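2 protein chains.
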Amino acid sequence: MNEKGKLIVISGPSGSGKSTVVNKAIQGREDMCFSTSVTTRSPRPGEVDGKDYFFIDPQRFQEMVERDELLEHAQYVAHSYGTPRAFVEQKLNEGLNVILDIEVQGARQVREKKKDAVLVFIVPPSLDELRRRLVNRGTDAPDVIEARLQRASEELKETELYDYLIINDDLETAAREFTSILTAEHCKVPHRIHLLKDF
Amino acid sequence: MNEKGKLIVISGPSGSGKSTVVNKAIQGREDMCFSTSVTTRSPRPGEVDGKDYFFIDPQRFQEMVERDELLEHAQYVAHSYGTPRAFVEQKLNEGLNVILDIEVQGARQVREKKKDAVLVFIVPPSLDELRRRLVNRGTDAPDVIEARLQRASEELKETELYDYLIINDDLETAAREFTSILTAEHCKVPHRIHLLKDF
Chain A
1 MNEKGKLIVI SGPSGSGKST VVNKAIQGRE DMCFSTSVTT RSPRPGEVDG KDYFFIDPQR
61 FQEMVERDEL LEHAQYVAHS YGTPRAFVEQ KLNEGLNVIL DIEVQGARQV REKKKDAVLV
121 FIVPPSLDEL RRRLVNRGTD APDVIEARLQ RASEELKETE LYDYLIINDD LETAAREFTS
181 ILTAEHCKVP HRIHLLKDF
Chain B
1 MNEKGKLIVI SGPSGSGKST VVNKAIQGRE DMCFSTSVTT RSPRPGEVDG KDYFFIDPQR
61 FQEMVERDEL LEHAQYVAHS YGTPRAFVEQ KLNEGLNVIL DIEVQGARQV REKKKDAVLV
121 FIVPPSLDEL RRRLVNRGTD APDVIEARLQ RASEELKETE LYDYLIINDD LETAAREFTS
181 ILTAEHCKVP HRIHLLKDF
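Taken in order, these protein sequences are the chains called A and B. The opening position of the first sequence corresponds to residue 1 in my numbering, with each subsequent residue numbered one higher. The opening position of the second sequence corresponds to residue 1 in my numbering, with each subsequent residue numbered one higher.
Isolated chain A, as found in the complex:
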């Protein structure tokens, strides 16, 4: 392949439907992949090392942090998670676009470590609609839903960290917008100017 891939970070409040949007947008495309994270937690039944996660011990994780081998990392409950830089770079060099589905704090770390990453924020059309979706999903107790809404409201204040904003009102439109962002990023002059060397 001639062109290097792009690293695409997606974030969005729980209930924004970001996974649905992205999965629809990349359906059938062979130039896309998701990043595989490292984690210090143990594999769950059926999880495959190198596919679902790279399972590593806390000492190796700490080493990766110190050697700046992670594009971003975070702690959830008792375990650490991170995005291995070498894995991402390898995929990009193969011409694959790599999708990283992470939270705002992680996105900020990627923004600092990888200037040409593309940051996409996917939000629901309103907090009312978000509440409706969370209620309809039926998986959360009312106090959990309120906490999620509060969190979403906080996350939305970070929108300006991102390059693009997709408002997921209509799935078709949102998926088309995601695809267009990817195409447009590949048309950017710094990404493409090397193709003019034949002139």
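One or more hints might be untrue.
Computed list of lysine to aspartate or glutamate pairs in EDC-like fashion (alpha-carbon distance at most 16 Å, straight line) [claimed, not checked]:
id : chain 1 : residue 1 : chain 2 : residue 2
1  : B       : Lys4      : B       : Glu89
2  : A       : Lys115    : B       : Asp68
3  : A       : Lys114    : A       : Glu89
4  : A       : Lys188    : B       : Asp163
5  : A       : Lys197    : B       : Glu89
6  : B       : Lys197    : A       : Glu89
Calculated directly from the structure, the hints in this document are not laboratory data. What you are looking at is a predicted structure, and each value in this text was computed from that prediction instead of being measured.
Once you have looked at the hints, place chain B on chain A.
Below, chain B alone, put in the same frame as chain A:
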């Protein structure tokens, strides 16, 4: 309409097929228009004032230059041409995307006067292909073709002035890229963040 339009500047060597690409991309779209230029030349038979051009006298043209009422202007042979800022702003405020088909020098002026303009450079896949297209067109003498190729080669050195580069190898792909650029630009956070005010 909620969203303001975008000003899209397109440039490209003669024979790059940029008009064909853009016309295909905007076919049937009601959110697009071309800018109408002012000129000091006389109307040709059938040309309509305010549609093909705004026909003005040299004194008024000079006044527009002095009052910074033109986004860009240039002289061709004995006549002056320019892009009226007020006309463009009015269309943008109506939510229309405005296309400006101008040369590199004009694009540079627009870049300076309108920071959020989107500059797209459309090129043929190679100079050999450009020569082939110009020969097949059959409208230019060999020395004119050589001059055009020389000029194209000069223009290509200005690619870095632009935001996006479309290599018009395949018309469908090039038109899809143009459409994607337009969609992606509307998704940019500064363009769209006001839509979150309802949150």
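Taking the hints in turn, this is what the structure says about them:
About 10 Å separates the Cα atoms of Lys4 of chain B and Glu89 of chain B, which keeps this hinted pair within 16 Å; it holds. Between Lys115 of chain A and Asp68 of chain B, the direct Cα distance comes to roughly 36 Å. Violation of the 16 Å bound is thereby established for this hinted pair. Straight-line distance between C-alpha atoms of Lys114 of chain A and Glu89 of chain A comes to about 11 Å, which keeps the hinted pair within the 16 Å bound. For the hint pairing Lys188 of chain A with Asp163 of chain B, the CA-to-CA distance comes to about 6 Å; that is within 16 Å, so the pair holds.
About 37 Å separates the Cα atoms of Lys197 of chain A and Glu89 of chain B, which puts this hinted pair outside 16 Å; it is violated. Note on Lys197 of chain B and Glu89 of chain A: the hinted pairing is violated, with a Cα-Cα distance of about 37 Å set against a maximum of 16 Å.
Going down the numbered hints, you'll see the structure goes against 2, 5 and 6, while the others check out.
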